[in-house]
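Turn these sequences into a full structure, and let the hints guide you.
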Amino acid sequence: SQKIEQNSEALNIQEGKTATLTCNYTNYSPAYLQWYRQDPGRGPVFLLLIRENEKEKRKERLKVTFDTTLKQSLFHITASQPADSATYLCALGGYSTLTFGKGTMLLVSP
Amino acid sequence: DAGVIQSPRHEVTEMGQEVTLRCKPISGHNSLFWYRQTMMRGLELLIYFNNNVPIDDSGMPEDRFSAKMPNASFSTLKIQPSEPRDSAVYFCASSLTSGGASTYNEQFFGPGTRLTVL
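These protein sequence lines map, in sequence, to chains A and B.
Numbering (this note's numbering) for the first sequence: 61 to 170.
Numbering (this note's numbering) for the second sequence: -18 to 99.
To be clear, the hints were calculated from the coordinates, so they are not data collected in a lab.
Since no wrong hints were added, every one of them can be taken at face value.
Here are the computed lysine-lysine pairs in the BS3-like style, where the Cα-Cα straight-line distance is at most 27 Å: (1) Lys77/A - Lys162/A; (2) Lys59/B - Lys162/A; (3) Lys115/A - Lys63/A; (4) Lys162/A - Lys5/B; (5) Lys63/A - Lys131/A.
The structure is reproduced here in structure tokens:
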């Protein structure tokens, strides 16, 4: 069966460092992958989309990579700030719908 | 734009009662999704509408759950009868998709309805 794995343990880093979050998947061939941010008590908010034929995508301090051979996506936040603290969800895109991972909590301390 | 609007924000009910959750998507969006989020199972898709037509309801847990979209600006998710295991946060999301194709476009989520069934 399809499986999406994100690190269930929170990632704690210091302000200014680069945060790297991982999304691994099995039994799936997504056409694209999206990353969302979710703050407590709120709905997820879209951050980035990367297609299967793209290796890397950047948006300001965010960078996403997509390796369809390894079946893995890496999500990087450079020069992290306490305001980046949130849960980050990866979502794999099929024909019509998204399948979400459970997310990884990121905590950036001053 | 006000974004996706959901009501109520919180609902506490007793087992066996009927629960109706409501969603108003972003104007102009033609796709609407209902999700359920729990700590154990994460964010799960329940049902997907495109142009008010249910396209994929494979995630609907059982016959106790039903969803409707009578027009482009309103959708409901009903649980009857409700059970304690239905306790979760229910999200509605909308997006604009073209040509009936894949949801390459981002989904916009509402604030969610926190449902507690006692």
